[in-house]
Amino acid sequence: MSEQLPAAYVHADTVDKAVELVSADAETRVVAGGYSLLPQVKDGIETPDRLVDVSRIDELRGISHEAGETCIGALTTHHQIATFDLVHEHVPALAEAADSVGDYQARQQGTIAGNLVFADPKYDPPAAFLALDGRVVARSPDGERTIGADEWFCGPGETALGPDEIVTDVVVPDAKRSGYVRTSEYSGYAIVGTAAALDVDGDAVASARVAVNGVKPFPIRLPNVEDELVGKHIDDELRSRAASAELSDINLETLLMNGVVADHQRLQLVRTYCRQAIERAIEGD
Amino acid sequence: MSQYEGEPESADETVAENDAADSNVTVRESVEKVDGWGLVTGNARYTDDVPTDDALAGRVLRSPHAHARVRSIDTEAAEAIEGVTAVITHEDVSEQRFTRTGFPHPAPAPFDERVFNETVRHVGEPVAAVAATTVDAVERALEAIEVDYKVLDHVLDPEAAMGSDTPTLHPEEYENQQENADPEHNVVCETRHEEGDIEAGFEAADEIVEGEYKTQIVQQLPMEMNTAIAWIDDRQRLVLRTTTQVPHICRAKIARAFDIDRTDVQVIKPRVGGGFGVRQDTVPIQYIAAALALETGEKVRLRNERKEDLHVSQTRHSQTIQIKTGVREDGTIMVMHVDITSNTGAYGCHGFAVLENAAHEPLSVYPCENRLFTGRAVYTNVTPGGAMRGYGAVQGTFALESHVDKVATEIGMDPVEFRRRNAIEEGEASFEPASSEAMDQLQSVGVEECLERACESIGWSDGPDQPANDRYRCGYGTALSMAKSGVPNSEFSRCNVTLETDGTLTVRVGVGDTGQGSETVMGQIAAEVFGLDINSVHVKADDTDATPWDNGAYASSTTYVSGNATEKAARDLAEKVRDLAADWYDVDPEAVELADGEVAPPRGESMTLSEFAEEAFAGIRGPKRRLTGSGQHYTPLSPKPFAAQIAAVEVDTETGEFEVTNFVNAVDCGQALNPANVRGQIIGGAIMGLGQTVSEAIEFDEDGQPELRGLRDYEVIHATDLPEIDTELVETHEPTGPFGAKSVGEVTTLGPPAAVANAIEDAVGVRITDLPITSAKIWDALQGGR
Ligand SMILES: Cc1cc2nc3c(=O)[nH]c(=O)nc-3n(C[C@H](O)[C@H](O)[C@H](O)COP(=O)(O)OP(=O)(O)OC[C@H]3O[C@@H](n4cnc5c(N)ncnc54)[C@H](O)[C@@H]3O)c2cc1C
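Protein sequence lines correspond, in order, to chains E and G.
Taking full-length UniProt numbering, the leading residue of the first sequence gets 1, the next gets one more, and so forth.
Taking full-length UniProt numbering, the leading residue of the second sequence gets 1, the next gets one more, and so forth.
Be a bit skeptical, because a hint or two may be false.
Claimed, not checked - To give an idea of the interface, some chain G residues facing chain E are shown, with a C-beta separation under 10 angstroms as derived from the structure: (1) Asn469; (2) Asp470; (3) Glu650; (4) Asp652; (5) Gly691; (6) Arg709; (7) Gly710; (8) Arg712; (9) Asp713; (10) Gln783.
Rather than coming from a laboratory, the hints here were simulated on the basis of the structure.
All residues carry an ideal CB built from backbone N, CA and C; glycine is no exception.
When you get a sec, could you build the whole thing from the sequences and use the hints?
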C-alpha cells in the first residue's frame with residue numbers, strides 16, 4: 001500500500017562505474033533526476049533492488065555544437081536546453097519541446113536522457129527528437145554505440161536501449177527550420193504534441209520529418225504528411241496542404257485512450273497542431 | 001458535563017443595534033490574518049506538526065472490493081509480528097450504528113454505518129486497523145491480516161440502483177431513516193416540495209422548456225491530508241488532535257460512538273490546511289484513532305496518504321437534474337419543476353441535506369408562484385458523498401442557470417434582462433423546505449446591483465470583441481447564485497469574552513478556523529465593540545476544553561452565527577464594564593462612554609481599558625473584579641448572500657478547445673468585515689468552481705475502483721490556468737448580521753459551471769449539459785451541426 005523503497009541507493013562517480021553497476025544486476029536502475037522513476041517506484045510499478053544515482057557524473061553534462069550537430073549530455077536538464085541559445089539557434093524544435101515540459105520544477109530536475117529513456121507517450125521531447133532525426137549515444141561493457149531516432153522507440157515506455165547500457169549523449173543534427181507545438185491537459189501533460197523539421201533547398205522543401213506524440217503509445221512519424229511537403233514551394237498553399245493531408249498513418253484503433261480527449265477529436269488535434277508545427281518550421285529562418 | 005457544554009437551548013435574542021457602518025475601527029478593514037505570519041513562515045503547527053516519537057503508528061486495512069461481506073478476519077499472524085500492539089476489526093469496536101455526518105445529533109442522515117462494517121460498500125472502506133511501534137511493523141501486519149470476503153454484486157449507477165434486479169446495499173434495519181426512505185431499492189430519501197399550482201402554471205405558459213443536466217464527482221482537495229492523533233491523558237480522558245472544521249461536533253460524536261462521557265473527551269484543532277467541507281464529518285480515521293488509543297492506552301497517529309484521501313474521503317455528489325419551465329413571452333417565469341437524482345454513494349451521510357440544498361438555493365433566486373421540487377438520494381457502491389463548498393447548490397445552480405439561459409434564448413430575450421426580470425428582491429422569501437421558518441422575507445438582497453456591476457465590469461451590452469480569425473469565437477455567459485448564512489434552527493454558537501487584567505480581550509469561541517480567517521474576524525468583531533486594535537484581542541478557538549459549544553465551520557455559518565455570538569458576548573462585557581465604571585463614579589451606566597479602547601465616565605477622568613482592568617482587579621475601589629461577557633446565537637434566520645458571475649470564453653472552432661479568458665464576480669455578502677479576506681473567499685470559491693467546470697472529475701471503473709493513482713491523475717486547475725478575475729463587492733447591510741455581515745464562503749463556487757457553459761453557447765451555439773466541460777464535448781457538439 002505505501003511506498004516500497006529499494007534496499008540500496010548508490011552513487012556512481014564515472015560512466016564506467018555506472019555501467020559496471022547496472023550490468024552487474026538486472027534489478028538495478030539508473031536514476032538521474034528521478035522525476036519519472038521515483039513515482040513509478042512509489043506506485044510499486046518499478047521495484048528495483050538498487051538505484052544507481054548518476055547525477056554527480058560531470059562528463060554527462062553540457063551542450064556543445066560542432067560540425068552541424070548539437071551534442072547534449074545525458075544529464076542536461078530541460079531547463080538548460082530550453083534556455084540555451086545554441087539549441088534555439090540550431091534545433092528550435094528541441095528547445096521548444098524542452099520548454100513545454102511540465103512546470104519549472106520538472107524542467108529543473110528532469111533530464112533529456114531520463115525523458116527519452118522513459119519514453120512516456122505524453123512526454124514532449126520524444127516527438128522533437130524523432131522529427132529532428134537525432135540519435136542516442138550509449139555505453140555498455142562492450143563499448144559505445146549510437147541508436148538513431150527511428151529505431152529508438154519500440155513500444156509503450158520501451159526503447160532500444162539495452163539493460164546494461166547507459167546513455168551518455170543525445171545528438172541532433174541542425175534543423176533551423178523546425179518547430180514543436182502541443183496542447184495540454186490541465187495536468188500539464190501533452191494531449192497531442194507535434195514536431196516538424198524541414199530541410200529547404202532554395203525555396204522548396206528538400207526533405208521533411210513530422211512526428212507526433214500522444215496518438216500512439218510512442219511517438220510516430222507521419223509519412224503521408226511528409227510526402228505532401230517534399231518538393232513543394234514554401235507558400236500559403238503548402239501550409240494548407242499540410243493540414244489537409246490524409247492522416248491515414250494513424251490507426252484509430254490504437255489511439256491512446258486516456259479519457260481526456262476522445263479519439264476522433266484527437267485526430268483533429270493532430271491535424272491542427274501538425275499544421276501549426278509546420279508553420280513554425282517554415283517560419284524558421 | 002464540562003462547564004461549557006451547551007446544547008442549543010433557546011431561540012434568538014434580538015441582536016443589538018449595530019454601529020453605524022462608517023464609525024468602525026477594526027471591522028471593514030483588511031486587517032492581517034491573526035495566524036497569517038505563522039502560516040506563511042512555516043511556523044504554524046498543523047495536526048501532524050508535533051513530536052510523535054512516543055506515538056504508535058496506525059494504519060487502516062481497506063477493502064479492495066466495491067461490495068463484499070467480511071466472512072471472517074484472521075488477525076493472528078498480524079498480531080504475532082514484533083512491534084504490533086493492536087489489531088482491531090468490527091469484532092472489537094461497538095456495534096452501535098451512527099452517521100459520520102457532522103451535524104448536531106441527530107443529524108439529518110440515516111444511522112447506517114459503524115466504525116468497521118461487516119459489509120463493505122465501497123473500495124477503500126476500512127476493514128481493520130493496526131497500531132505498532134514502527135511503520136514497518138504496521139505495513140507487515142496489514143499484509144498479514146487475512147480477510148475472507150464474500151464478494152457481492154455491486155451497483156455504481158443511481159438509476160440502476162433503484163431498479164428491482166440490483167443488490168440492496170443496506171438490507172439491515174437502521175435508525176433515523178430520512179423522508180420516504182426505501183432502503184430495499186437503495187433510496188435514502190425521496191422528497192417533494194410544492195408551492196402554488198404546477199399544472200395551472202404550465203397551462204398559463206407560452207413556452208415550455210425542458211432540459212437535463214449532469215454533474216460529476218469531485219473532491220475538496222484540501223492541502224492537508226486527513227490526520228488524527230489520539231491518546232489517553234493523565235486523567236484517563238481521550239484526547240484527539242485532528243483536522244476538523246467542527247471540534248465540538250467531533251467531540252460529541254466520538255463520545256457517543258464509544259459510549260463515554262463528553263467531558264472525558266477533548267478535541268484539539270490546531271491550524272488546519274483547508275477543509276472546504278470534507279472536515280465537517282467525523283471521518284473514519286478519527287474514530288479509528290480513538291479506537292486504537294482506547295484499545296492500547298497509548299498515543300496513536302494516523303494520517304491518510306494523498307492517494308488514500310483521494311480514494312476514500314467524501315466527495316461532491318454527482319447528480320442528474322431535470323428541469324421543466326413554463327414561461328410567458330414577456331419573460332415571466334410561470335412555473336418551474338426541478339427533479340434531482342443524487343448519488344450519495346455507500347452511506348447516507350449528506351444525501352438528504354445536499355439534495356435539498358441542490359434545489360432550494362438555486363430555485364430561491366427565481367420566486368415564481370408555482371414551484372415544484374422532486375428528488376431522491378440513492379445509495380451506490382462508490383465513495384460516500386459528503387459536504388463540499390457549495391453543498392448541492394453547485395449542482396443545482398449549474399442546471400438551473402444553464403436552463404435559465406436556454407429559456408431566455410428560446411423566447412429571444414437577453415439572458416441578463418431575463419434574470420433581472422425574474423430574480424428575487426428585498427422582502428421576498430426564499431424557497432426552503434416546508435418545515436423551515438427561514439422563509440422569512442429577506443432583508444438584504446443585492447442581486448440587481450450585482451448583475452449591473454458584473455455587466456459593467458465585462459462590458460456585457462457591447463458583447464465580446466471577436467478575433468479577426470473566425471476560427472476563434474468569443475462569448476459571454478452569466479450565472480446568478482444564492483447561498484446561506486448557516487443552517488437555520490440548527491446552528492448554535494456560544495462565546496465568552498474576558499477582559500484580561502492588562503486590558504486585552506480573550507475571546508473563547510469554538511469555531512473551526514481552517515484557513516478561512518474566522519479567528520481574525522471574531523477578533524475584529526470583539527475589538528470593534530471596544531474600539532480596540534485587533535492586536536489587543538486574543539481568540540482562543542482551537543480546543544473543546546477551552547471553548548463553549550459552537551457547531552463549527554460549515555454551511556457558511558461562521559461570520560453570521562459565531563460572529564453574532566461574539567458580538568453579543570463583547571457587548572455583554574461592555575455593559576459590565578459600564579456598570580462597574582458607573583458604580584465607581586456613581587453615575588448612570590448609559591453615560592459611561594466606551595470607545596477607542598477607553599472608558600470615559602461623565603465625571604472623573606477617562607482611562608484606558610487596561611488601566612480600568614488593572615484597577616478592577618486590584619480591588620482598589622471595591623471587591624476584586626475580572627469581567628467576562630457571554631453571548632449565544634441560535635436563529636431561525638439565514639440571510640442569503642448573492643453573486644452574479646460572468647465568464648468570457650474564447651473557443652477554437654477547429655478543435656473545440658477553449659479558454660476562460662475573463663471572469664467577474666459581483667458579490668453581495670452584506671458588509672465585508674475584512675475585505676481582503678472576503679476577496680480571498682470570493683476568488684478561491686470561483687477557482688474551485690472553475691476547476692469543477694473544466695477539468696476535475698473522479699471516475700470509477702466498472703469494478704468500482706477509483707481511477708486515480710494519485711494527485712497527478714486528478715486534473716486540478718492550476719494557478720497558471722486561471723483567467724483574469726475581477727471582483728466587485730456589492731455591499732448591502734444585513735440588519736440581523738454582526739455589523740451588517742452575511743456569509744461569503746460558498747456563494748462564488750456555484751456560478752462558474754453555468755457561466756462558462758452559457759459563454760460557450762454564446763460563442764459557438766452549442767450547449768454542454770454535463771460537467772466537466774471538455775474540448776472533446778464541444779468538438780463533438782460542433783460536429784453535430786450548430
Ligand atoms: C510533475 C511533472 C510534470 C511533468 N511534465 C512533463 C511534461 O509536460 N512533458 C514531458 O515531456 N515530461 C514531463 N515530465 C517528465 C519529466 O520530463 C521526466 O520525468 C524527466 O525528464 C525524466 O528525467 P529524469 O532525469 O528525472 O529521469 P529519471 O526518473 O531519473 O529516469 C527515468 C528513466 O530513465 C532512466 N535513465 C535516466 N538517465 C539515464 C541514463 N543516463 N542512461 C540510461 N538510463 C537512464 C532511468 O533508469 C529510468 O528508467 C513531468 C514530470 C513531473 C514529475
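Evaluated hints:
1. Asn469: G/Asn469 check fails; min Cβ-Cβ to chain E is 13 angstroms, beyond 10 angstroms.
2. Asp470: This interface hint is violated because 15 angstroms lies over the 10 angstroms limit.
3. Glu650: violated (14 angstroms)
4. Asp652: holds (8 angstroms)
5. Gly691: holds (8 angstroms)
6. Arg709: holds (6 angstroms)
7. Gly710: Where the cut-off is 10 angstroms and the nearest Cβ of chain E is about 7 angstroms from G/Gly710, the hint holds.
8. Arg712: holds (6 angstroms)
9. Asp713: holds (8 angstroms)
10. Gln783: holds (8 angstroms)
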